[in-house]
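Starting from the given sequences, assemble the full structure and let the hints guide the process.
Number of protein chains: 2
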Amino acid sequence: MSMYETIVKLALERGFYAPSCEMYGDAPAGFWDYGPNGANMKNRFLELWRRELIRRDGMLEIDGSQVMSKSVFLASGHIGNFTDPIIKCNKCGSTFRADKFITEKTGRQVPELLGESDIDKLIQDCHLNCPNCGGSFEKCSRFNMMFRIGIGPSDDDAYLRPETCQSIFVDFPRIFKTMRGRLPLGIGQLGKSFRNEIAPRQSLLRLREFYQAEIEIFCNPNRLNDLPKFEEVKNTILKLYIDDKYHEVSSEQAVAKSLVPNKLIAYYLALLVLFYQKTGLDMDRVRLRQLSGDEKAFYASTAFDFEVETSIGWLELVACNYRADYDLSGHSKVSKQNLSVIDPINNTRVLPTVFELSMGIDRSLYAILEHSYLEDFENERTVLRLRPYLAPILVGILPLVTKDGLREAAQKIYSQLKLDFSVFYDESGSIGRRYRRLEEIGAPFAVTVDRQTLADETVTIRNRDTMIQNRIYISEITQYLTAEINNYDKKLN
Amino acid sequence: MSMYETIVKLALERGFYAPSCEMYGDAPAGFWDYGPNGANMKNRFLELWRRELIRRDGMLEIDGSQVMSKSVFLASGHIGNFTDPIIKCNKCGSTFRADKFITEKTGRQVPELLGESDIDKLIQDCHLNCPNCGGSFEKCSRFNMMFRIGIGPSDDDAYLRPETCQSIFVDFPRIFKTMRGRLPLGIGQLGKSFRNEIAPRQSLLRLREFYQAEIEIFCNPNRLNDLPKFEEVKNTILKLYIDDKYHEVSSEQAVAKSLVPNKLIAYYLALLVLFYQKTGLDMDRVRLRQLSGDEKAFYASTAFDFEVETSIGWLELVACNYRADYDLSGHSKVSKQNLSVIDPINNTRVLPTVFELSMGIDRSLYAILEHSYLEDFENERTVLRLRPYLAPILVGILPLVTKDGLREAAQKIYSQLKLDFSVFYDESGSIGRRYRRLEEIGAPFAVTVDRQTLADETVTIRNRDTMIQNRIYISEITQYLTAEINNYDKKLN
Numbered sequence: 001m002s003m004y005e006t007i008v009k010l011a012l013e014r015g016f017y018a019p020s021c022e023m024y025g026d027a028p029a030g031f032w033d034y035g036p037n038g039a040n041m042k043n044r045f046l047e048l049w050r051r052e053l054i055r056r057d058g059m060l061e062i063d064g065s066q067v068m069s070k071s072v073f074l075a076s077g078h079i080g081n082f083t084d085p086i087i088k089c090n091k092c093g094s095t096f097r098a099d100k101f102i103t104e105k106t107g108r109q110v111p112e113l114l115g116e117s118d119i120d121k122l123i124q125d126c127h128l129n130c131p132n133c134g135g136s137f138e139k140c141s142r143f144n145m146m147f148r149i150g151i152g153p154s155d156d157d158a159y160l161r162p163e164t165c166q167s168i169f170v171d172f173p174r175i176f177k178t179m180r181g182r183l184p185l186g187i188g189q190l191g192k193s194f195r196n197e198i199a200p201r202q203s204l205l206r207l208r209e210f211y212q213a214e215i216e217i218f219c220n221p222n223r224l225n226d227l228p229k230f231e232e233v234k235n236t237i238l239k240l241y242i243d244d245k246y247h248e249v250s251s252e253q254a255v256a257k258s259l260v261p262n263k264l265i266a267y268y269l270a271l272l273v274l275f276y277q278k279t280g281l282d283m284d285r286v287r288l289r290q291l292s293g294d295e296k297a298f299y300a301s302t303a304f305d306f307e308v309e310t311s312i313g314w315l316e317l318v319a320c321n322y323r324a325d326y327d328l329s330g331h332s333k334v335s336k337q338n339l340s341v342i343d344p345i346n347n348t349r350v351l352p353t354v355f356e357l358s359m360g361i362d363r364s365l366y367a368i369l370e371h372s373y374l375e376d377f378e379n380e381r382t383v384l385r386l387r388p389y390l391a392p393i394l395v396g397i398l399p400l401v402t403k404d405g406l407r408e409a410a411q412k413i414y415s416q417l418k419l420d421f422s423v424f425y426d427e428s429g430s431i432g433r434r435y436r437r438l439e440e441i442g443a444p445f446a447v448t449v450d451r452q453t454l455a456d457e458t459v460t461i462r463n464r465d466t467m468i469q470n471r472i473y474i475s476e477i478t479q480y481l482t483a484e485i486n487n488y489d490k491k492l493n
Numbered sequence: 001m002s003m004y005e006t007i008v009k010l011a012l013e014r015g016f017y018a019p020s021c022e023m024y025g026d027a028p029a030g031f032w033d034y035g036p037n038g039a040n041m042k043n044r045f046l047e048l049w050r051r052e053l054i055r056r057d058g059m060l061e062i063d064g065s066q067v068m069s070k071s072v073f074l075a076s077g078h079i080g081n082f083t084d085p086i087i088k089c090n091k092c093g094s095t096f097r098a099d100k101f102i103t104e105k106t107g108r109q110v111p112e113l114l115g116e117s118d119i120d121k122l123i124q125d126c127h128l129n130c131p132n133c134g135g136s137f138e139k140c141s142r143f144n145m146m147f148r149i150g151i152g153p154s155d156d157d158a159y160l161r162p163e164t165c166q167s168i169f170v171d172f173p174r175i176f177k178t179m180r181g182r183l184p185l186g187i188g189q190l191g192k193s194f195r196n197e198i199a200p201r202q203s204l205l206r207l208r209e210f211y212q213a214e215i216e217i218f219c220n221p222n223r224l225n226d227l228p229k230f231e232e233v234k235n236t237i238l239k240l241y242i243d244d245k246y247h248e249v250s251s252e253q254a255v256a257k258s259l260v261p262n263k264l265i266a267y268y269l270a271l272l273v274l275f276y277q278k279t280g281l282d283m284d285r286v287r288l289r290q291l292s293g294d295e296k297a298f299y300a301s302t303a304f305d306f307e308v309e310t311s312i313g314w315l316e317l318v319a320c321n322y323r324a325d326y327d328l329s330g331h332s333k334v335s336k337q338n339l340s341v342i343d344p345i346n347n348t349r350v351l352p353t354v355f356e357l358s359m360g361i362d363r364s365l366y367a368i369l370e371h372s373y374l375e376d377f378e379n380e381r382t383v384l385r386l387r388p389y390l391a392p393i394l395v396g397i398l399p400l401v402t403k404d405g406l407r408e409a410a411q412k413i414y415s416q417l418k419l420d421f422s423v424f425y426d427e428s429g430s431i432g433r434r435y436r437r438l439e440e441i442g443a444p445f446a447v448t449v450d451r452q453t454l455a456d457e458t459v460t461i462r463n464r465d466t467m468i469q470n471r472i473y474i475s476e477i478t479q480y481l482t483a484e485i486n487n488y489d490k491k492l493n
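As they're listed, the protein sequences go chains H and G.
Mapping the first sequence onto this note's numbering, position 115 (from 1) lands on 115, and the numbers just tick up by one.
Mapping the second sequence onto this note's numbering, position 256 (from 1) lands on 256, and the numbers just tick up by one.
Please note that a few of the clues may not be correct.
As the list claims (entries may be wrong) - Which stretches of chain H does chain G cover? Using the computed rule of at least three CB atoms under 8 Å from a CB of chain G, they are:
#1 17-26
#2 34-48
#3 60-69
#4 142-151
#5 162-174
To be verified - Below 25 Å or equal to it, Euclidean Cα-Cα: the simulated DSS-like pairs (lysine-lysine) are:
#6 G:LYS278 <-> H:LYS418
#7 H:LYS418 <-> G:LYS229
#8 H:LYS70 <-> G:LYS229
Calculated from the structure, these hints are not laboratory results.
Where a beta carbon is used, it is the ideal one built from N, C-alpha and C, also for glycine.
Structure (structure tokens):
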């Protein structure tokens, strides 16, 4: 079984994630549900994002509607540009994403912007037919990946947003005014986005409905190097991957050597690296890859992908795009509103430009699971070495046996802890088996209640990674757990 | 200005919420965005829900897809039953929700289940015409309130869920198995639901896209009174409103007097009341209203609405429905799967029945804002008396003046606190004005840095409600804030 399959099996069998509507034959592909352990882990990941990016940088967080008006996507370019080329079999009607299909069948790379007639020519030149029935293909056409929604009885056009950031752009004028914003201003949002992928696959890695955490930094384009807080991260190492070459340099050197165009971009790339350090990803297997011209999204002028190496190759977790004034000028044109603001620092009116960190949450969670996964053959166990602040369960409460009042003592401890921590009570099976079950879902601690507990109000607390047990007083458990979480965090600061 | 308008004005001007896509003329009605203060407050509300309902009761939380397959809604009855009667003008095409239109024009109550031909007869008998052009109406038809989604190039049917709980029902078999569930088992979910309302209105009160926090308790129908934990809430007072009569009784009395059918329902109603106590709602203005036969949703056999009195009348915040086995038997029939489980307590195999707490989050936040709002004429200020753990900003950091190092001292304190608390740094305007701004968004504390700070490392910390300032050491601020939050909580436990 490949590592990818191992993680999916764990996810399915241990409540991390599973296909949506799985009991039904018509369940559409590309939709997955987080089970209890997955939802807990995701919620903790989002809290870390809030702490280490939003609050650390003093950004604002908003939460906008997922359904948005047609004008928004006319302005953003999604109605015109957010399409994939498709080919449909004349005979059986099977439909394929043309560029991927050609690459799969011929090994040829197909540029993302290749026109339909060029694709038709390629299909013909390579003698490609329908793999299902051998039929020939209709002419290539373009398929818009947004989901349309019909509003009210009159069925007016609206769309599910294909990226969360559009809410941020259209809300920017009110936010900047009511929150008394100053450039540069970061606005972040966690939420669902939707893309009608032609061929979704690989569980959490290519979904039609997925979680994004997007941050848009609104800047004065004339002051991208005027950033006093850059000092705080000037020594943070960025592992840049540019034109097939690695550059492991400090943020300061990255700017000095023009590997990154300005301090503002370098600063946010550094914050991102510091954030992922805390998630427990193996930082030897991440990189910031600069995208070449034909790889970039249609709105990006400079772009880095934060990538992580997994068993199925390098995976993009965050698109870091300098979108310039693409979005605000688009919305300004279509809405006929002046979206420029005053920058009091040099007392000029500017249309802000935007640098974004567009994070895929589902993929990030997959990568963390894979990097945390350990088959510990020596001790015959499987362990998810999740950081305490990301683990779905922080501590298990286990009575050694259920009789003689041990159950009641354990349940009392569970009740004392359950409001403040994510606690799991388990009394079934041997104690060894219960430890295994906790290790498999990454619970960093297990409290065992034994006969001595009844005599002296102590329990053992077991560390998942070292398997060492300490005996502490019941009254010390909260303090112990809090200190362990904080120490983990400090070790990394 | 009415209280409702006052709150909407505050929401718009102080970053709580605003219409989505407001810069565009084609912005569809019924979609609102949370601004920075609203998003913060909502996130805190959700954390309270997790703490006081999910963790307190040992429930599981999941997070499912919003797009679900057609079969799901055939089984749930939404494709057949989730419709509103509509009438369309023959001449100008204006469309109205028939029952509401008749009530509005004639004052007559129209039963929810009235057939189309009866509605046509009413329209005729009352001589009702189109209010826009005077034209006559086409025959009444039914409009399904689910939003359809087309999947992939073949445009297969799927729907945005009209209630979050359907994810819980279809995921139940896997969750029960992989999480080793035991009845009764509560499964909760926070997330968006979507309803294509014909006439959305009143900002957060009737949305087309809205947040629900739904909890489904899966039970053994033969053991609804076998609930040891009922003891914990037996003295909690329930204010029941049944057939136009109030009964203020303990949970225990409610069951004994058959006002509530069993201990399980009484237990969860009590947890709900305890939860809302902590939100700061005025508990003298809430009630649990039993629904009469023709008010209940199509799936409910016993139903209470948790209602709150606001300036625009009684508002339903939570629908508490005993759905019996309606959902699982529906999904069992359509999917042809046996969804029964073993209950080891009496060693029988049962199809679980379900009691639910279906909470509207947006409405709850509106009600909390309204109940917290205070025009303090004596002190010439407007205050949101939000609980510290619900306030969008916990503490403002204010240098008395910006010169002589006070700015730097204040910014240092801000940096020390910002990772753990929601902190706002503000140096612009008079100190009094800055206090006013914090009070208006409900920030319970303000730290002021003055000249004495530079001399002895102390600051003043000001309480929003009492306006009393205490002088404490900078090193004590974290402890002070933590104690204040906890004391608030303890006072209420």
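Hint-by-hint comparison with the structure:
1. 17-26: holds (count 8)
2. 34-48: holds (count 8)
3. 60-69: Since three or more residues must qualify, the claim that chain G covers the stretch 60-69 of chain H holds, with 10 doing so at under 8 Å.
4. 142-151: holds (count 6)
5. 162-174: holds (count 5)
6. G:LYS278 <-> H:LYS418: Status holds; Cα separation ~17 Å.
7. H:LYS418 <-> G:LYS229: The given pair, whose Cα atoms are some 15 Å apart, holds under the 25 Å limit.
8. H:LYS70 <-> G:LYS229: Distance ~52 Å between LYS70 of chain H and LYS229 of chain G Cα, so the pair is violated.
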